[in-house]
Amino acid sequence: MSIDMSQFHQVFFEECFEGLEAMESGLLDLNTGDIDAEVINTIFRGAHSIKGGSGTFGFNEVADFTHIMETLLDQMRDGRRPVTQPAVDVLLGSVDCLRAMLTAIQSDDKVDTATVVIYKTALEIELNGSAKQSIPLESAVEEDDIETSDNEAEATEQGWFIAFSPYLDLLKTGNDPVRLFRELAELGEYTVAVNTRDIPDFDDLDPEECNLSWTLTVLGESTLEDINEIFSWVEGDCEFDIQALIKKEAKATPSVKKDKPEPSIVPVIDSLESLPASLDVVQRPSNTIPSSNIDAAEEVLVERRSGVSSSIRVDTAKIDALINIVGEVVITQSMLGLVGENFSMDQLAQLKRGLAQLERHTRDMQQSVMNIRMLPINFVFSRFPRLVHDISAKLNKKIDLKLVGESTEVDKAVVELINDPLVHLIRNSLDHGIEMPADRIAAGKPEVGTIELKAYHRGGHIVIEIIDDGRGLDKNKLISKAIEKGLINENSILNDKQAFELIFMPGLSTAESVTDISGRGVGMDVVRKNIQALGGNIEILSELGKGTIISIHLPLTLAIIDGQSVAVGEETYIVPLVSIIESVNITEDIINKVADKGETFKLRNQYIPIIRMHEIFNVQPKDKLRANEGVIVVVERQGALCGLFVDELLGPHQVVVKSLEANYRRIEGVSGATILGDGSVALILDVPGLVRLSNNRLSSTNPSL
Amino acid sequence: MAQQSDTTDINKSHYHKEQDETSQYLSFTLGNEEYGVDILSVQEIRGWEPVSRIPNVPFYEKGVVNLRGSIVPIIDLREKLHIKFTDYTLLTVVVVLQTIDNEKIRTMGVVVDSVSDVITINKAEVQNAPDFGTKVNNEFINGLISVDERMVILLNVDKLLKLEEIESLS
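As they're listed, the protein sequences go chains A and B. The first sequence begins at 1 in this note's numbering and counts up by one. The second sequence begins at 1001 in this note's numbering and counts up by one.
Looking at chain A on its own, in the form it has when it is part of the complex (with noise of 0.2 Å):
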């Protein structure tokens, strides 16, 4: 007998996925220096229950990466072997590499087996190379943990750790690494370890290639230029990091000595680094995080955002609120039905009641399914820890992430799209507005900075900001620039906003330096198309020197909508009443004309722009004779009031927004199409469009203008 078991592959990935973001978000949490026995639990279950699953699906390549990233993790748990930054930077490393192997198995790619080799590697090393260390350890409790890490901080004296990983043809231009030892040797006690495992099979060694790497302690007096100088030789030739042994504090609490890195293990990062030179893979590992981190970071965010709209996980108490409505509205559907069998009129008010009650229920009903649509913003939030620990570390700076509100419930499609603009957001956030920790210094700010990410809601609207406290925009410089550029004119003065506004402009970048972090990809201005197509909008607050806030107002949900029906000759349009701050009615009279075609009128003091529906849609009006008279329905739009001159108000409606596009076409001033009571289709207005159509018009109209 057996089973297809490709039928439960999807779900397996699913699942693979979710355990290795867990991971992936625990480890970054060991980041942080916080150390709780329950993250590492949570990145051990993670682990294991890949392990068993890929097992259990026959993806033994898997099985087996796993099983090492397994051992590890076991051992951190069971507190044998010091949680330190370098096997947590190998652990994610390892994750963005057990990804790859999914996604790849998922679409039936090859693995990537030079990527999967040299993690696997690294594990190994870590696994091992501090094993030794360890294995004393293994029983002890942690009071003997502190014991033993004060006996090895007094036998440290203070000195060298060097990683050594020479290039495959060290060996041809005539060094000799055991050369360079013996220099070292001179400098002091020196304690080397060589690594052999890059060393190829038998078959295909090349005798003339040097497959090994070296670790090396060297105590006493020596100084990093008498290092230096002794590796001047080989310089270009390998891959070498040095590290200073630093005499440990005595009485060391317990979590600072495992916050403390280990220096034994930082070697292993570097030859980590320096395999995939050996690999012949082209990747030049520079710092000490290898610059490969951040664009797999990427890769990953892309993979999951594509991986995104297959399903959605929804939380049991969200279905079974569901299951309750529909419960009561089959019981209602059959209090009407007997009611409707015999009914006489003495059963009425019963079935005005009933009426009522579906009413209620399909109201109801219909807000918990769009609530099972809706997602925490975490779905999104969750990846930004990773992007800002991996691009910080490339740019030597110091940033702490505050993520504020993740609960925050948005529509899946908006969860779905707003990613790619807020990676954007963030990387200029990192690369422009988080200054050096020495200018910041410089500047009385703390070393660490700080970038706030915040989703909240506010009326039907989710508020996600951006908030750094960094150097802020530069608002001369702006214009300055653009004036350059000759989007604005020589002559025009701009408040703080209107100069902000200036950075959504295409063309425009104030960054001296365009680096591979930000100035590639989407633009601002993209960043602003996308998220107005989202019908939402953004908006810069900054202050030279202190930094700047970026705010991104969304709507809820895509689906429904609050509208308010007008009617404009024989047509009903739907106006989103977010949209609407009030309406009035309107004479001739009130009606003040500039320069005999903009029309206006007086609010409260204030003069708003009149947009006439009629004209802006060609649309004949119902009484030619008393064109005047109507509603102006006050509008916002992006902070502007404007007033839109339609016949007739109609009511106010709930409205379910279907495409025009699927079939059709996009029409400016038209956001979608909706399906009235009756049956026929209504376009949903979209006021920064009929603001745009407005313009063009009366442009159009007036070429002098």
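It should be emphasised that the hints constitute simulated quantities derived from the structure, not laboratory data. Built from N, CA and C at the ideal position, the CB exists for glycine as well. Hints are not guaranteed to be accurate.
One-sided and incomplete, this derived list gives chain A residues near chain B with beta-carbon spacing under 7 Å [claimed, not checked]: (1) 360; (2) 617; (3) 666; (4) 667; (5) 673; (6) 675; (7) 679; (8) 681.
Add chain B to chain A, keeping to what the hints say.
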């Protein structure tokens, strides 16, 4: 070598013959002219019903209707082909057509005077439409065929349903 390619050619042409020998077209009238569209692209035939107008689009795009929950645009074929417009009557018919555009199915209604018949035609008998110069735009026309001494103009649904980009308003 040459022999081999010959046989594949023969196979190919044989295959084409089986596939393409005949096909069915739905024919309809616009005034005195008879037109045909591939029956596989016809979703349904409906009577004319009032549409919701769409602002600032070409005059032949009449508006949109609700077709069982989806919004479907209606175009007037007379006007699209620059034939004189006639008022809609109870007999005016909307042929709902489907086309695949960028791997997405698009549905669109086309207003015609009346639907006449389903005709089976032999592909080989289809003539190319003659070139009328600038007088008649024949880009939507696949060809001409005569059925019982009547001339039927076969339309290319994919081209017909491809909406032109609206030029900017100014």
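Status of each hint after checking the structure:
This hint is violated: residue 360 (chain A) has a C-beta 24 Å from the nearest C-beta of chain B, more than the 7 Å allowed. The beta carbon of residue 617 (chain A) comes within 4 Å of a beta carbon in chain B, closer than 7 Å, and the hint placing it at the interface holds. Taken as an interface hint, residue 666 (chain A) does not check out: its beta carbon lies about 9 Å from the nearest beta carbon of chain B, beyond 7 Å. The closest approach between the C-beta of residue 667 (chain A) and any C-beta of chain B is roughly 6 Å, which is under the 7 Å cut-off, so the hint is satisfied.
For residue 673 (chain A), the interface hint holds, the least distance from its beta-carbon to any beta-carbon of chain B being 5 Å, beneath 7 Å. Annotation: interface hint on residue 675 (chain A) holds; nearest CB of chain B at approximately 5 Å, less than 7 Å. Taken as an interface hint, residue 679 (chain A) checks out: its beta carbon lies about 6 Å from the nearest beta carbon of chain B, inside 7 Å. Satisfaction of the interface hint for residue 681 (chain A) is found here, the shortest Cβ-Cβ separation to chain B being roughly 4 Å, below the 7 Å cut-off.
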